[in-house]
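> Protein chains in written order, with this note's numbering: chain A, 5 to 168; chain R, 5 to 168; chain W, 5 to 168; chain E, 5 to 168; chain F, 5 to 168; chain L, 5 to 168; chain S, 5 to 168; chain U, 5 to 168.
Quick caveat, the hints were computed from the structure, so don't treat them as lab data.
C-beta atoms are modelled at their ideal positions from N, C-alpha and C, and glycine is treated no differently.
A hint or two may mislead.
Pair by pair, the computed Cβ-Cβ distance ranges are [said to hold, decoys possible]: (1) U:GLU159 <-> S:ALA54: 21 to 29 angstroms; (2) S:GLY60 <-> F:ILE155: 20 to 28 angstroms; (3) W:GLU30 <-> A:ASP137: 48 to 56 angstroms; (4) S:LYS163 <-> U:ASP26: 49 to 57 angstroms; (5) L:GLU149 <-> F:GLY60: 21 to 29 angstroms; (6) U:LEU168 <-> F:ALA156: 37 to 45 angstroms; (7) E:ILE155 <-> A:ASP26: 40 to 48 angstroms; (8) W:ALA54 <-> R:SER135: 34 to 42 angstroms; (9) F:SER166 <-> U:ASP137: 23 to 31 angstroms; (10) A:ASP26 <-> W:ASP137: 52 to 60 angstroms; (11) E:ALA138 <-> R:SER135: 31 to 39 angstroms; (12) E:GLN22 <-> L:GLU149: 49 to 57 angstroms; (13) W:VAL5 <-> A:ASP160: 18 to 26 angstroms; (14) L:GLY60 <-> F:SER166: 43 to 51 angstroms.
Here's the letter readout for the chains.
8 protein chains.
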Amino acid sequence: VSKVAILMGSSSDLPSLQPAIDTLAELQIPVEVRVLSAHRTPARAIEFAAGARAAGYRALICAAGGAAHLAGVVAAHTLLPVIGVPLGRSLGGLDSLYATVQMPAGVPVATVAIDGAANAALLAAEILALSDDALLARLEKRREETTAKVIATDEDVRKKASRL
Amino acid sequence: VSKVAILMGSSSDLPSLQPAIDTLAELQIPVEVRVLSAHRTPARAIEFAAGARAAGYRALICAAGGAAHLAGVVAAHTLLPVIGVPLGRSLGGLDSLYATVQMPAGVPVATVAIDGAANAALLAAEILALSDDALLARLEKRREETTAKVIATDEDVRKKASRL
Amino acid sequence: VSKVAILMGSSSDLPSLQPAIDTLAELQIPVEVRVLSAHRTPARAIEFAAGARAAGYRALICAAGGAAHLAGVVAAHTLLPVIGVPLGRSLGGLDSLYATVQMPAGVPVATVAIDGAANAALLAAEILALSDDALLARLEKRREETTAKVIATDEDVRKKASRL
Amino acid sequence: VSKVAILMGSSSDLPSLQPAIDTLAELQIPVEVRVLSAHRTPARAIEFAAGARAAGYRALICAAGGAAHLAGVVAAHTLLPVIGVPLGRSLGGLDSLYATVQMPAGVPVATVAIDGAANAALLAAEILALSDDALLARLEKRREETTAKVIATDEDVRKKASRL
Amino acid sequence: VSKVAILMGSSSDLPSLQPAIDTLAELQIPVEVRVLSAHRTPARAIEFAAGARAAGYRALICAAGGAAHLAGVVAAHTLLPVIGVPLGRSLGGLDSLYATVQMPAGVPVATVAIDGAANAALLAAEILALSDDALLARLEKRREETTAKVIATDEDVRKKASRL
Amino acid sequence: VSKVAILMGSSSDLPSLQPAIDTLAELQIPVEVRVLSAHRTPARAIEFAAGARAAGYRALICAAGGAAHLAGVVAAHTLLPVIGVPLGRSLGGLDSLYATVQMPAGVPVATVAIDGAANAALLAAEILALSDDALLARLEKRREETTAKVIATDEDVRKKASRL
Amino acid sequence: VSKVAILMGSSSDLPSLQPAIDTLAELQIPVEVRVLSAHRTPARAIEFAAGARAAGYRALICAAGGAAHLAGVVAAHTLLPVIGVPLGRSLGGLDSLYATVQMPAGVPVATVAIDGAANAALLAAEILALSDDALLARLEKRREETTAKVIATDEDVRKKASRL
Amino acid sequence: VSKVAILMGSSSDLPSLQPAIDTLAELQIPVEVRVLSAHRTPARAIEFAAGARAAGYRALICAAGGAAHLAGVVAAHTLLPVIGVPLGRSLGGLDSLYATVQMPAGVPVATVAIDGAANAALLAAEILALSDDALLARLEKRREETTAKVIATDEDVRKKASRL
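This is chain A alone, in the form it adopts within the complex (with noise of 0.2 angstroms):
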């Protein structure tokens, strides 16, 4: 079974992460979450970027703060997807952001939005599905479910709030 991985510079980044696990425990997909610096761990975040293939991950979701370099370092160790997750230490998140997006030519890193953890699993997700089709009809299920939840906040709000 395809697997994904989830790795953070520190453990504190955790709770930011959590709605990633979720997601893909909702989705019915193994996860491996790792604490791995590209700062203080640089050898083991690189050996297990360069072993991930083989020990069959599909993708590769990283989040850092700051000079976030721990998508950049694992993409340039690997040829998997790695999904980027920039996080809102300081200064908004744009740092992190600018760190994880503006990678130069040849090494991408498919970045999401500040503290957008959830994004970085659905994302993970559909780029299983393209080879999962239970995934798939799973991801479809749950987007229908989104929509009609949606639809019922219309409803309601649309009757209390609406004056014509």
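Dock chains R, W, E, F, L, S and U against the given chain A, drawing on the hints supplied.
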């Protein structure tokens, strides 16, 4: 064979997307290039997005500048991986970067660097290579060649510019 | 009677829009409040936009945060005046401001301040007042009252804080 | 017949406003173009604003750069819809964008994109078209032509650049 | 005796201006505090500006937030030195800073830091002190006291925190 | 006679300051132009600042780019009004703007627009005119001429560009 | 023994500098902590900088917020390495970052992250360790301990949060 | 003899680094210039960093643009002082500035100005001069010459541009 689509909001964006077209060609990935505007031909953009999976596309590259809504509109109508390329038309590209990357939970866009069309193509290739070993081999060869080129310039610069 | 619609991407945005709802009520303008997401219920949003003129609306207020696409998507499907309210959900609201105001030539969005819902309502009222003299009179009265209130606080502050 | 005024702070701004002048001409809307500075001829600017409704204007387009106060000053003296065009003279236009869009509650300015003069004209046209069906027809025809043009370039680009 | 006026756009700005009021009081400079809005009571603001020199004012301190037009509007109607205080109400105060400092050639505003009311008062005092030796002496004494206070904390911190 | 000094950090800044030199000349205000660097000739800068009042100066204009410290260093050594001109050498001038305007309480710098040398001269003139009626008359004449020029271009543009 | 000085503009900055004081203590590096303001006690700051090498200091850490001039003023009076710590007092710390890092050619300041006092201490330690092998050994031990700690949290998080 | 290394991510960065090469040459400091990419030749970059101290280097200058990870990756593998030069390739250099300076606690990078290569060399020289009196003498002579040059241009500008 899996295909990739490159969508742009205006034909004047074509030169910015050429690196993506060239990179996909180099990697022997079939590509369809379209001018589909989220604001001026929204129905066609939505129709394309909704039918893209059935038509054999496996990743959609969407490029736009300013209030760049194309990637978001496409992502709202498909569960294929959508890759956003913010184009630097105004404010150094910050407006298109924010409008592309800051998507709400539920509808992810995999954003690459401002004017980062080449990396959008490589990201699409990495996704397709998950189930295409020949493509993976081409990607690996490409990365090795890039590495070799940097090493060659390193030797060259080292000799000419160092003074020990 | 001319109506105004207030559209928002999520029911959690309702408190931010309350000043618009209250202002329109105060000015006796019929208002329909809807939760229509550009990304989660795009078909409903488009259907509403396309039918709004025929349904009697004369101005559409669209509020969203982050990669705020709602106003742009609505504006792509109507020639009614579309008023965009960028909501301050991240980056101080800069992402939603840019995503709302930096529209391409051909599809205008009348953007007000970040979290500026009250002014969105007043702008809609000014537009309706072009063909509704009673409404114009209410707007004039409102502005006079605002002026009077500022003058009253001026007298008050002047006495208490000055030291000549 | 309803008229639109285009006000700018300096005659050097005229080229930036030409797209607005041309668009209004194309839509057969009478236009008065004025150089009225919030800082150098404030009395004339205020006098114009205060008398604009009586003079037959139905929308006022105000363009300025830097600490762009013109739209705000005009909006303080009229209840006509005021459309602000921030001009990109410094800081990429951020100073004029903020000075135009961040108006306090009570005095709205409908802001369009930095250097977005064409959309200012279209917004004015949409407002006038609320009570002018012939103008609405011209606007509809214009949008259809824009759509047709994008479709034509789509066909063209698709053939030349795709490689399937 | 020369007087200074402190103008603000709303009575809610009073706490932000208190440091200016206190500093002027401490320096024995007569001060008039007014609530005069560029947008809601423009006529009163202009009348005050135009008559300020004749009324005995020698410097005008203008504070506003958002699209901060007050200082610019006042400066357009007087040749007295106008000191602008950008208030941090949104975007960290960047909108009011740009709207205050980026004035066009011909109409200067002496801008101080975001929420820098105390320095606005000191700048006004420096200007008045050019022709008031007693005030200059009070300013010199104040600066000496400030220096002495910093020296005292230096001695204190040095002893407690150093470790040699 | 009261004098004004124009200080800049490098002779390469001279063209940016020429509008200040010309404006002071036009207003018949004696001016001394100096190259005094906060970082490369700090002792001379400090000596000049400390002796400026005794030497007959009544306002000091300080221009610098990047980490613009000149105005702050000068202001720390005098109680004369110090006028800061942020020069646009990098980051669109934002670095020099922030480094000039965000002074701590106690040491004000009267900041004008990025590259706003002409307004720095006018602000100095307004300060000197508080005790020089002839200069005030020259300033009033200058403003009237500016107004007249704008009115003339208004008449011109109105005729040529309007279409009623 | 080589010493390091920590200079700050105000005693209110002391808590922000505590991580630097603690880190230097942990590494057994003698430290002198001073409150020396570039604006309020410039003579003392300059005197300290000019005499620092002779007094045995080998690196000077300078911390300030807003228009942060302290590091630049100190660097102008010494050829010792000067380390700047921008403090986040306003604008998220962007003003102090720019005012610290954007120094002109000739007078370098080694800038660390906004509120990055701990890294300022480590950078000073790295400099001193170039000629102090015992200190180098302590730095190595510290880094190994940091690595070990991250590895421990990695094992912990991996077990608790993964779901394979 | 102590050596300095200049590392850059691409040979196209060489012109931006030339001021550093020239400054080190002028100060008679041996320099090795290398093209080592954090993303395209990470193994070589890491190998160089890990062996740099043993190879006789005493400071490492790392220059990169965009998501500038080179300095951080190098700093993660050495306890030598690492000096980061953010290159202005996009967004005015803000992306590379943030990606270089906002390092997490534990791994410092001494950041200089955007495109500030000359100051990177001077900072390296200041560090080496702590244990090299001849180099210190050359640095002192260089600063004196810089001061003398500014004084000469001061005399020149003063005569030509002043008008007293």
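> Does each hint hold? Answer for all of them.
Cross-check of the supplied hints:
1. U:GLU159 <-> S:ALA54: 21 to 29 angstroms: 25 angstroms, holds
2. S:GLY60 <-> F:ILE155: 20 to 28 angstroms: Check passed, 22 angstroms falls within 20 to 28 angstroms.
3. W:GLU30 <-> A:ASP137: 48 to 56 angstroms: 55 angstroms, holds
4. S:LYS163 <-> U:ASP26: 49 to 57 angstroms: Holds, since LYS163 of chain S and ASP26 of chain U (Cβ atoms, about 55 angstroms apart) stay within the stated range.
5. L:GLU149 <-> F:GLY60: 21 to 29 angstroms: 28 angstroms, holds
6. U:LEU168 <-> F:ALA156: 37 to 45 angstroms: 42 angstroms, holds
7. E:ILE155 <-> A:ASP26: 40 to 48 angstroms: Holds, since ILE155 of chain E and ASP26 of chain A (Cβ atoms, about 43 angstroms apart) stay within the stated range.
8. W:ALA54 <-> R:SER135: 34 to 42 angstroms: 40 angstroms, holds
9. F:SER166 <-> U:ASP137: 23 to 31 angstroms: With Cβ atoms ~28 angstroms apart, the hint holds.
10. A:ASP26 <-> W:ASP137: 52 to 60 angstroms: 56 angstroms, holds
11. E:ALA138 <-> R:SER135: 31 to 39 angstroms: Distance hint for ALA138 of chain E, SER135 of chain R is violated at roughly 58 angstroms.
12. E:GLN22 <-> L:GLU149: 49 to 57 angstroms: 28 angstroms, violated
13. W:VAL5 <-> A:ASP160: 18 to 26 angstroms: 25 angstroms, holds
14. L:GLY60 <-> F:SER166: 43 to 51 angstroms: 44 angstroms, holds
The earlier numbered hints that this structure contradicts are 11, 12.
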